[in-house]
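A.B. asks: Chains D and H, in that order, give the protein sequences. With my numbering, the residue at position 21 of the first sequence is 21, and numbering never jumps. For my numbering, count along the second sequence from 1 and bump the result up by 169.
Treat the hints as calculated values from the structure; they're not laboratory data. Just so you know, not all the hints are guaranteed correct.
[Claimed, not checked] With a cut-off of at most 25 Å between alpha-carbon atoms, the simulated DSS-like pairs for lysine-lysine come out as follows:
hint	chain 1	residue 1	chain 2	residue 2
1	H	Lys196	D	Lys152
2	D	Lys66	D	Lys82
3	D	Lys66	D	Lys54
4	D	Lys82	D	Lys54
5	D	Lys54	H	Lys201
6	D	Lys135	D	Lys152
7	H	Lys196	D	Lys82
8	D	Lys138	H	Lys196
9	D	Lys138	D	Lys152
[Claimed, not checked] Now the in silico label distances, taken between C-beta atoms and shown as ranges:
hint	chain 1	residue 1	chain 2	residue 2	range
10	H	Pro192	D	Thr168	25 to 31 Å
11	H	Pro192	D	Tyr95	27 to 33 Å
12	D	Val16	H	Pro192	37 to 43 Å
The beta-carbon is built from N, C-alpha and C at its ideal position, and this holds for glycine as well.
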Amino acid sequence: MGDHTEAISIDFDPDVLSYSDLLDFFWSAHRCDQVNRSRQYMNAVFYHNEAQQKAAEASLTVAAKKLGVEVAAVQTSIISVKEFTYAEAYHQKYYLTRYPEIRDVLTAAYQDGKSLADSTVAMRLNAYLGSGMKKNWKEFLTELPEFGLPEKLEQYLERLATDTLAGTK
Amino acid sequence: MVGIAPGEKLSLADGKVSATTLPLDVKTAKVKFETATFGIG
Numbered sequence: 001m002g003d004h005t006e007a008i009s010i011d012f013d014p015d016v017l018s019y020s021d022l023l024d025f026f027w028s029a030h031r032c033d034q035v036n037r038s039r040q041y042m043n044a045v046f047y048h049n050e051a052q053q054k055a056a057e058a059s060l061t062v063a064a065k066k067l068g069v070e071v072a073a074v075q076t077s078i079i080s081v082k083e084f085t086y087a088e089a090y091h092q093k094y095y096l097t098r099y100p101e102i103r104d105v106l107t108a109a110y111q112d113g114k115s116l117a118d119s120t121v122a123m124r125l126n127a128y129l130g131s132g133m134k135k136n137w138k139e140f141l142t143e144l145p146e147f148g149l150p151e152k153l154e155q156y157l158e159r160l161a162t163d164t165l166a167g168t169k
Numbered sequence: 170m171v172g173i174a175p176g177e178k179l180s181l182a183d184g185k186v187s188a189t190t191l192p193l194d195v196k197t198a199k200v201k202f203e204t205a206t207f208g209i210g
């Protein structure tokens, strides 16, 4: 890994979700005095511009104060993004690997790894099938037609969701 | 395996969302997005 750090990169619509919202979520899932095990697994906010840097630094101060953590005890870094490289296959859309029906359709639609990693459809499917989206299968059924998946796959996912809601899966 | 194929060259992020095949992806690719990056230990 050298000087690389495992990180998650989120493309978001600032008209829907603010950077501050994401910072709030980050601090709710992580303590600023959590010791870093290594450079590879470092806790950090990697800012992309000056506005993000200022917001991140301010949010760290608030998060530390909320926990009663002294400045000297803060372990989380706030540093500029240098470059971002997509992770290996087994890190991408992990939960979809359990569903070959979905996997095959998505890899046919997106034959290069970056496009698949960028896909909103793949991301939302991975979230619903994993531990994200609060397992809200009713919301999933509402959203499903918008994905634009082939009919057979859409029917498969509809059955999966309704069976899960019915407690039969 | 879903994701980058074995031996496929890994990409650097270029600020461009490249998924534009499925209808929802076509729609979201038009969004003027911002990027946030976190290391989560």
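A.B. asks: Does H/Lys201 lie within 25 Å of D/Lys54 when you go C-alpha to C-alpha?
C.D. replies: 22 Å, holds
A.B. asks: Need the status of pair D/Lys135, D/Lys152: alpha-carbon distance at most 25 Å?
C.D. replies: 22 Å, holds
A.B. asks: Keeping to a limit of 25 Å between CA atoms, is the pair of D/Lys66 and D/Lys82 held or broken?
C.D. replies: Status violated; Cα separation ~30 Å.
A.B. asks: Does D/Lys152 lie within 25 Å of H/Lys196 when you go C-alpha to C-alpha?
C.D. replies: Distance ~22 Å between H/Lys196 and D/Lys152 Cα, so the pair holds.
A.B. asks: For the pair D/Val16 and H/Pro192, does the Cβ-Cβ distance stay inside 37 to 43 Å?
C.D. replies: Violated - the Cβ-Cβ distance for D/Val16 and H/Pro192, about 19 Å, lies outside 37 to 43 Å.
A.B. asks: May I ask you to test the hint 25 to 31 Å on the CB atoms belonging to H/Pro192 and D/Thr168?
C.D. replies: Once the Cβ atoms are compared, 30 Å apart, the range 25 to 31 Å for D/Thr168 and H/Pro192 holds.
A.B. asks: Quick one, are H/Lys196 and D/Lys82 close enough, alpha carbons at most 25 Å?
C.D. replies: The hint is violated at about 29 Å.
A.B. asks: Holds or violated: D/Lys66 and D/Lys54, Cα atoms, limit 25 Å.
C.D. replies: 18 Å, holds
A.B. asks: Please test the hint of 27 to 33 Å on the beta carbon pair from H/Pro192 and D/Tyr95.
C.D. replies: Distance hint for H/Pro192, D/Tyr95 is violated at roughly 22 Å.
A.B. asks: Please verify whether D/Lys82 and D/Lys54 have alpha carbons no more than 25 Å apart.
C.D. replies: The hint holds at about 17 Å.
A.B. asks: Are the Cα positions of D/Lys138 and H/Lys196 separated by 25 Å at most?
C.D. replies: 22 Å, holds
A.B. asks: Could you grab the alpha-carbon distance between D/Lys138 and D/Lys152 and see if it respects the 25 Å cut-off?
C.D. replies: 20 Å, holds
Comparing the model with each earlier hint shows violations of hints 2, 7, 11 and 12; every other hint is respected.
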